[in-house]
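Those protein sequences? They're chains A and B, same order as listed. The first sequence begins at 1 in the UniProt record's numbering and counts up one residue at a time. The second sequence begins at 1 in the UniProt record's numbering and counts up one residue at a time.
Simulated from the structure, these hints should not be mistaken for lab results. Mixed in with the good hints there might be a few duds.
Any copy will do: because identical chains look the same in the list, a pair fits if it lies in one copy or spans two.
Cut-off 27 angstroms, straight-line C-alpha distance, at most; resulting in silico cross-link-like pairs (DSSO-like, lysine-lysine) [claimed, not checked]: (1) Lys15 to Lys73; (2) Lys147 to Lys77; (3) Lys94 to Lys136; (4) Lys144 to Lys94; (5) Lys77 to Lys94; (6) Lys116 to Lys15; (7) Lys144 to Lys116; (8) Lys15 to Lys136; (9) Lys144 to Lys73; (10) Lys73 to Lys136.
As the structure is a prediction and not an experimental result, all values here were calculated from the model.
2 protein chains.
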Amino acid sequence: MTQSIEETRSEFIEKIGVMAQTDGLPRIAGRMLGLFVWDVEAIAFGDLAEQLQVSRGSISTATRILEERRLIKRVAKPGDRQDYFQLAENPYAKMLDYYAETLGHTQAEITDTIEKIPADEAVIRARVTAYADFYKSMAAALTKISKDLDRT
Amino acid sequence: MTQSIEETRSEFIEKIGVMAQTDGLPRIAGRMLGLFVWDVEAIAFGDLAEQLQVSRGSISTATRILEERRLIKRVAKPGDRQDYFQLAENPYAKMLDYYAETLGHTQAEITDTIEKIPADEAVIRARVTAYADFYKSMAAALTKISKDLDRT
DNA sequence: TCTTTTGTTTAATTAAGTTTGAACATACTG
DNA sequence: CAGTATGTTCAAACTTAATTAAACAAAAGA
Numbered sequence: 001m002t003q004s005i006e007e008t009r010s011e012f013i014e015k016i017g018v019m020a021q022t023d024g025l026p027r028i029a030g031r032m033l034g035l036f037v038w039d040v041e042a043i044a045f046g047d048l049a050e051q052l053q054v055s056r057g058s059i060s061t062a063t064r065i066l067e068e069r070r071l072i073k074r075v076a077k078p079g080d081r082q083d084y085f086q087l088a089e090n091p092y093a094k095m096l097d098y099y100a101e102t103l104g105h106t107q108a109e110i111t112d113t114i115e116k117i118p119a120d121e122a123v124i125r126a127r128v129t130a131y132a133d134f135y136k137s138m139a140a141a142l143t144k145i146s147k148d149l150d151r152t
Numbered sequence: 001m002t003q004s005i006e007e008t009r010s011e012f013i014e015k016i017g018v019m020a021q022t023d024g025l026p027r028i029a030g031r032m033l034g035l036f037v038w039d040v041e042a043i044a045f046g047d048l049a050e051q052l053q054v055s056r057g058s059i060s061t062a063t064r065i066l067e068e069r070r071l072i073k074r075v076a077k078p079g080d081r082q083d084y085f086q087l088a089e090n091p092y093a094k095m096l097d098y099y100a101e102t103l104g105h106t107q108a109e110i111t112d113t114i115e116k117i118p119a120d121e122a123v124i125r126a127r128v129t130a131y132a133d134f135y136k137s138m139a140a141a142l143t144k145i146s147k148d149l150d151r152t
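Please build the complete structure, drawing on both the sequences and the hints.
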């Protein structure tokens, strides 16, 4: 089966949109991320709405989310009033940092619980601690990868 | 603020229920996981429904999900017709394996796309490849932690 | 100043996922 | 065998999240 590069691009964008839902991104934000991974050139706010066939409101929301996660950046273009967007530098390191941060919060929540467990409940303490450690080691591992990527 | 261990347990269970939603588990399955982390003893199907105050149908669905992820195991108790459940051995290694597997699928999907990109589109190829590599390294890192945990 | 463009916000709608409850199948008990 | 207990399935109800469309605010041009 042969397909044009436009078809491949469009397929890729939709694919990332679906997969993004797995890690808590709205579908539109995921499609947008796919688009930015593919395209080097910055894209105008209005073009995003047209290319992805969604409302401007959705673009506003999705760009905000991706900016919060530091995956894209908003840039200006001389001679155009519109906002332009493109993939951030080291986006994958940023993504890892975000995951690590989330895992860290989870670990902290569990640690809060551990402190409330009576000292004589050694078994429960041990079990909940093992759970917290799990999040701790995951966060540490992702942070490590992030730093490796940053050195590139 | 002082609270009984029952209150702490209940708070923990609800907390895990909420956090579980972050990684794609239904709330009830999350609460169940929290319960199993806390309690050493196996718990009967019917007791789960009562303790978590949900329908038997929900227990059936949630146990299925947690079994599929290999986080809990179903055991029998002599003298009781009910199914009993408890946390699996090395549950956190299993959890990591599950994540790694998911990431691997994602990477494979992206790799499928890469193969469709014309060879002369070097920039696009490089960008999409970087994205695939990101998933690859994450999967590898989690697999590594999993093996470390297994050695325990 | 008046109009247009641009991006955000909010309320309403739509879509997606979760939970329940009833029906069902199976296995056990007396 | 009849009756009860157990766990699963599935359609419907419910809940939550995503998306749109319209109202709005700010800035730019005419």
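Hint by hint, here is what the structure shows:
1. Proximity of Lys15 and Lys73 under a CA criterion of 27 angstroms is satisfied intra-copy only: 22 angstroms inside one chain copy versus 34 angstroms between copies.
2. For the homomeric pair Lys147 and Lys77, neither the shortest alpha-carbon distance inside one copy (31 angstroms) nor that between copies (49 angstroms) is at most 27 angstroms.
3. When the C-alpha separation of Lys94 and Lys136 is checked against a cutoff of 27 angstroms, the pair qualifies both within a copy, at 18 angstroms, and between copies, at 16 angstroms.
4. Proximity of Lys144 to Lys94 under the C-alpha cut-off of 27 angstroms is found in both arrangements, the shortest distances being 12 angstroms within a copy and 22 angstroms between copies.
5. Proximity of Lys77 and Lys94 under a CA criterion of 27 angstroms is satisfied intra-copy only: 24 angstroms inside one chain copy versus 49 angstroms between copies.
6. For the homomeric pair Lys116 and Lys15, the shortest alpha-carbon distance between copies (14 angstroms) is at most 27 angstroms, but the shortest distance inside one copy (44 angstroms) is not.
7. Taking identical chains as interchangeable, the C-alpha atoms of Lys144 and Lys116 are never at most 27 angstroms apart, the minima being 31 angstroms within one chain and 32 angstroms between chains.
8. When the C-alpha separation of Lys15 and Lys136 is checked against a cutoff of 27 angstroms, the pair qualifies only between copies, where the shortest distance is 17 angstroms, while the shortest distance within a copy is 31 angstroms.
9. In the homo-oligomer, the alpha carbons of Lys144 and Lys73 lie at most 27 angstroms apart inside one protomer (24 angstroms), although the nearest pairing across protomers, at 33 angstroms, exceeds that limit.
10. Proximity of Lys73 to Lys136 under the C-alpha cut-off of 27 angstroms is restricted to the inter-copy arrangement: shortest distance 25 angstroms between copies versus 30 angstroms within a copy.
Consistency with the previously given hints fails for numbers 2 and 7, ordered from lowest to highest.
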